[in-house]
Amino acid sequence: MKMVVAAGTPGSGKTSVLMHAIRNLLRAGRHPALVKIDCMWTEDDARFKRLDVPVAVGLSRDMCPDHYAIYNFDEMLGWAAGQGADILINETAGLCLRCAPYPDKALAICVIDVTTGPNSPLKVGPLLTTADAAVMTKGDLVSQAEREVFRERILEANPGCRIIEANGLTGKGSAELAELMAGWPDVSGEMVLRHNPPLAVCTLCTGELRVSREHHRGVLRHLDGFMEYIGE
Amino acid sequence: MSQAASQVASQSIDHNPQTENQITYEIVKPLTLTIQGGVNKEGHPDSVSRIEMARGEIIGIVGPTGSGKSTLIADIEQFAWADTPSGRKILINGQPPAAELRCDPRKKLVAQLSQNMHFLADMSVGEFLRMHAKSRGKDPAVADRVIAIANTLTGEPVNPAFQLTILSGGQSRALMVADIAVISDSPIVLIDEIENAGIKKQEALRLLSGEGKIVVVVTHDPMLALMASRRIVMKNGGITRIISTSEDEQKVFKDIERVDGWLATLRETIRQGEVVA
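Sequences listed follow chains A and B, in order.
So for the first sequence, my numbering puts the first residue at 1; every next one is plus one.
So for the second sequence, my numbering puts the first residue at 1; every next one is plus one.
In short, the hints are calculated from the structure, not lab data.
Just so you know, these numbers come straight off a predicted model, no measurement behind them.
Among the clues, some could well be false.
Footprint (simulated), chain A over chain B, 3 or more residues, beta carbon under 8 Å [as the list claims (entries may be wrong)]:
(1) 58-69
(2) 179-190
(3) 200-206
Taking lysine-lysine and the BS3-like style, the derived pairs with C-alpha atoms no more than 25 Å apart in a straight line are [what the hints assert, rightly or not]:
(4) 134(B) with 123(A)
(5) 41(B) with 138(A)
(6) 254(B) with 200(B)
(7) 123(A) with 138(A)
(8) 41(B) with 89(B)
(9) 200(B) with 251(B)
(10) 138(A) with 200(B)
(11) 134(B) with 138(A)
Estimated spans, in silico, between C-beta atoms of each pair [what the hints assert, rightly or not]:
(12) 157(B) with 219(A): 48 to 58 Å
(13) 183(A) with 122(B): 32 to 42 Å
(14) 252(B) with 49(A): 30 to 40 Å
(15) 63(A) with 240(B): 54 to 64 Å
(16) 166(B) with 10(A): 24 to 34 Å
(17) 98(B) with 156(A): 35 to 45 Å
(18) 159(B) with 228(A): 24 to 34 Å
(19) 206(A) with 41(B): 52 to 62 Å
(20) 156(A) with 159(B): 41 to 51 Å
(21) 10(A) with 124(B): 47 to 57 Å
(22) 166(B) with 156(A): 45 to 55 Å
(23) 49(B) with 63(A): 39 to 49 Å
Note that CB positions come from ideal geometry on N, CA and C, so glycine has one too.
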């Protein structure tokens, strides 16, 4: 079983790019299965189901969607195997830029929207810096010069990554992406994350609604960068 | 067309010898670009199954709105390999292009001037051009030359300290043209509807068509269409025929050029707030 984790900010075109890649995988005789992780609601599963591939949805609700995905990777792999799949594709919710839910042995893909401007590759953090491939979308909306500057910025953030220029509308780049997925080694044995998740629990995580500082405990960081532990 | 071979031989490879940029030109010295036909919007095959272009040639793409002109340009730009809706394939020197030619800007053979009239990047003109030069393996100091050339194409001068996002459509377009001429400097240039740009269009085309480049220009403009040696006719997403510019058409071109020159003078007179004599 091969595993692909596709991350990227909301609206960057993850679903559209993956749909084209799945079509290419199917044409190549592969059996992809897809798990879409979201927080409250999604209709992406209906889009994927049109491709006639096994689709499952996980809604994280009160849990951080990336932590939720990481916690459930074993179950996803088991489900995909049960569906007769040979490639598990996990599309993440793509919200917080602090986590990167990439296990070391999976193919880690960061989908990134060119129209967000050339500074965005520097803002995306571990989602981009620890990815194997960066998929640039919406390149048709900017000039070639801007695409090339964006590309340079991605390489500044992640010098080793493979860059694929894709278009979610026309399917450009999807053949290259599918080839990369199909050629990735199988996952096996114990996997570890490529990047540490954010520091642990504070009172907000357990449901505190009051805003003022006096109500909070845990490992907390001040605006000026000072970090401290407050509690028992 | 006949000049193409001699221009191939004289193609310079030392724009910036201290970078690896020269590799690009060594790989591709004699360059032909081939379009292998695909299908139109209904899945019927293109009427022309193979089009070859050589260095020094200007090729037009014509057809009504929605006929697939921009799609054909996009096929060439991304070196389609039956992986776009048209199913077309693009060959370089008769061979499928290597993946690095598709992706790595330093090795990229294609420069494109698209219909986009504005920049979205929140950077200054100078900073942007220096970064683009870096991505193409060029000396960042060429930024000043790009701006100087852009200012010969547009009425309102561009300043390196300007933010890209405040530039007018004409300024943006002029900058994109100059950027392609100086920084991108690839042997294949794709131009999409330069006539809408609000810049001096023939000067822009002349600048871009430079020596020994393959220039593909999408156009509705009779003058630009007739500057091309051949033009590809599009309909309903497919290629329907290829027209070679005849001697009669070249005579018409001379007439249009005269009229266009006259109109340009009138436009300038009006712009300067003077009375047309």
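**Prompt:** Which hints from the list above does the structure break, by number from lowest to highest?
**Reply:** Violated hints (numbers, rising): 1, 3, 10, 14, 17, 18, 20, 21, 22 and 23; every other hint is consistent with the structure.
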